[in-house]
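Colleague: Using the sequences and the accompanying hints, generate a full structural model.
2 protein chains.
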Amino acid sequence: MIGIFAEKVICNSLVVLTDGCVVVEDEKIVDVGKKSELVKNYKFDDVLEGKIAMPGLIDAHMHSFQTPTKGKTCDKSLIKWLEEYIWPWEASLDKEKARACAELSYIEMVKSGTTCFSDFTSIKHTDEAFKFAEKLGVRANIGKTMMDENSPENLTETTKSSLKETERLIKKWHGKGILRYIITPRFDISCSDDLFYSAASLAKKYKVRIQTHAEENQEEVAAEQMYSSRNAIKTLETLQLMDENLILVHCIWLSESSKRKIIENNVNVVHCPGSNMMLASGVSKMPLEMNVALGSDVGAYYNFSMFEQMRLASLLQRVSNRNVGIIDHKKCFEMATVNGAKCLGLQDIGTIEKGKKADIVLLSNDYSLIPLNDSVAQVVYSCGREAVDSVVINGKIIMKNKKILTVNENKIMAHIRETV
Amino acid sequence: MIGIFAEKVICNSLVVLTDGCVVVEDEKIVDVGKKSELVKNYKFDDVLEGKIAMPGLIDAHMHSFQTPTKGKTCDKSLIKWLEEYIWPWEASLDKEKARACAELSYIEMVKSGTTCFSDFTSIKHTDEAFKFAEKLGVRANIGKTMMDENSPENLTETTKSSLKETERLIKKWHGKGILRYIITPRFDISCSDDLFYSAASLAKKYKVRIQTHAEENQEEVAAEQMYSSRNAIKTLETLQLMDENLILVHCIWLSESSKRKIIENNVNVVHCPGSNMMLASGVSKMPLEMNVALGSDVGAYYNFSMFEQMRLASLLQRVSNRNVGIIDHKKCFEMATVNGAKCLGLQDIGTIEKGKKADIVLLSNDYSLIPLNDSVAQVVYSCGREAVDSVVINGKIIMKNKKILTVNENKIMAHIRETV
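So the sequences go chain by chain: A and B. For the first sequence, the positions run 5 to 424 when the working numbering is used. For the second sequence, the positions run 5 to 424 when the working numbering is used.
Treat the hints as calculated values from the structure; they're not laboratory data. Hints are supplied without guarantee of correctness; some may be wrong.
As the list claims (entries may be wrong) - Calculated lysine-lysine pairs in the DSBU-like style (CA-CA distance at most 35 Å, straight line):
| id | chain 1 | residue 1 | chain 2 | residue 2 |
| --- | --- | --- | --- | --- |
| 1 | A | LYS415 | B | LYS38 |
| 2 | B | LYS84 | A | LYS289 |
| 3 | A | LYS180 | A | LYS407 |
| 4 | A | LYS55 | A | LYS360 |
| 5 | A | LYS406 | B | LYS289 |
| 6 | A | LYS404 | B | LYS76 |
| 7 | B | LYS335 | B | LYS358 |
| 8 | B | LYS358 | A | LYS407 |
| 9 | A | LYS406 | B | LYS84 |
| 10 | A | LYS289 | A | LYS39 |
| 11 | A | LYS209 | A | LYS407 |
| 12 | B | LYS406 | A | LYS334 |
| 13 | B | LYS39 | A | LYS101 |
| 14 | B | LYS76 | A | LYS360 |
| 15 | B | LYS406 | A | LYS415 |
| 16 | B | LYS358 | B | LYS135 |
| 17 | A | LYS358 | B | LYS76 |
| 18 | B | LYS407 | A | LYS334 |
| 19 | B | LYS180 | B | LYS265 |
| 20 | B | LYS404 | A | LYS76 |
| 21 | B | LYS128 | B | LYS415 |
| 22 | B | LYS76 | A | LYS407 |
| 23 | B | LYS39 | A | LYS407 |
| 24 | A | LYS407 | B | LYS334 |
| 25 | A | LYS55 | B | LYS289 |
| 26 | B | LYS47 | B | LYS406 |
| 27 | B | LYS47 | A | LYS415 |
| 28 | B | LYS400 | A | LYS335 |
Modeller: Structure, rendered in structure tokens:
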């Protein structure tokens, strides 16, 4: 049994306890309340103490395989960035590189307070990502990219091979511990209708989520028109894929009718403000009736801090719409916690409450949190990953006092340096 | 003599050395080059080792006295933010509070890699800021706010008292060690012509810089019109203040003619993208022929990371103007280093080169810097203050391996907690 003591416990965006205690047994939160009372009722095997305890952050969209390109690609917008940097790098990926990409990404995420994520990997070597996620102990949703048309020759799969590899990975990994598979067609342009349709059948057969990029960039929207006189939302609608099982990433250039369809059908949207700024893609104006989660979208962005994505989500809307109230800190905090959980179909995480799975981040007594006037506002606007001290995932301490406990970091660092 | 060894030494935005060494003696950089060569020529009393050595960051605009309001004020734009939060807090400041504000701000800055700053303090107790800056060992430019009209009653000075206190502070502190005074009329609205004019005479008499807020917010611009049918730039021009000694902060709503005057007269501009986003003030479109420095503008922003301001400066321009090239990472890095130095009249800092004062930041082997594809791009877009390991100011080690050496942090933390 673990006792987590904190000056403030952020249970969710609206409920913050003072001098709180979270009691964790096996994988679950079994009690939450005043420290002074709970210490009488429980005997703890391990204790973590800090300034703020909060739900683990959820990165609903990132690409581990792109991480080693950071710093190289800052002069391009979407299509050129794909053509000049990402596709050539992706074509060069071997097993060792794929493993090093997962190591580099997942450790940085844990150190940044991210306990759950959705990794859009490359078309190949996705087992490596699962293997390392299992070893590290993170709540990973991982899917191999599917692409069978309008793609670089050395990255184009046959429809059949793409589906076969996807089904093999689902059977091998989905539901193994806290790992989950997520079906991952790249984007409308690079997927045939047949691939999309069969992917949807697989999603239904195995009850797994399906994720794809949509309406990120005006050039992309124009290319869709050129290839098929359609847009992503229409395609997905025709294929009867528009439901709560679907995750659409970006959605900057949605028409009003597409927005309505997303809301009516409870489709999930992932907003990636950092990436949208980095690639000059545009400012998303998604209505907040949608379930909007947040994503770092590394490698289009260059770091995994979800503190930064919460901050950017709010700041960008304030200045673009000249209104301070549009997305406030509470809303941003929800995007990176409960909304992310809902998006990924994981309703048992995202808040700190009795009965939920214990995915918890403990922040230290950083200067940015002194004085602590408003815990949620200061998590969103003041502190960053420098304040992340300890991380619990599914009831297990993965990082304590900034030290990762589940893997040997020196060995992994050496592997990364040799490989990428 | 100190030897600073780093995998990469960023001398300036264009020159990066591999396996470099910086040699520091007394307050100066006496040599820079290959580690393998320089270790033969010098005998070091102390050695610092890290991933990247770079010039200390310069925060050209912040308000220490506003720091304790962070987290409280996120629902307001400029004028309401001043009226509802900042002015009442400012009126309540006593000596102990002013001291605690400086402690809280300056330590967070050093931990964030900021070695030099310009602090726009309140109208009173500015000695406290100087005293703590001296003790900590930071390169501080500090000025008391001047305001003698259109201001809250309990914050309005007489023209005479404002000038007298300013002159007393200049005589006491300007040029003492690495401390400098900076004359600080708040903004056009709250300063009489007489105050501005006499402030300018003081600036000339003592050869000190003069800084003021200008053209930040459309409401402010409208209020200026209402009070005096003028704008800040016209006022400053009439008073013959438009020269390289002047620092204008914000400058979002400049007319084309004001922009021209700023360029022609070599006036310095401080861009505060975080604050401009936070207060929904607008997107600055300053031409890059101006000398543009960067500021955190805490408390309008809630943390002191200049890594964050460099990132925001670039990202905001990319997405607002839909162009990735407008302010690239090299330009942002210059804004936070050499341009800040020029702005503050400190041409002997801002780069790592022989003969310059040694203001140097050493970054650790953070995951965000692995692999290190482009040092400047990754300092701007990937890493943050979590990577700041050691800080040297004017040749003295102020922080080593994340530990502040010049003051007792536990004592100071206790004082801050008791006071604000």
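Colleague: Please flag the earlier hints that this structure goes against, numbers listed from lowest up.
Modeller: The structure breaks hints 5, 8, 9, 10, 11, 25 and 28; every other hint is satisfied.
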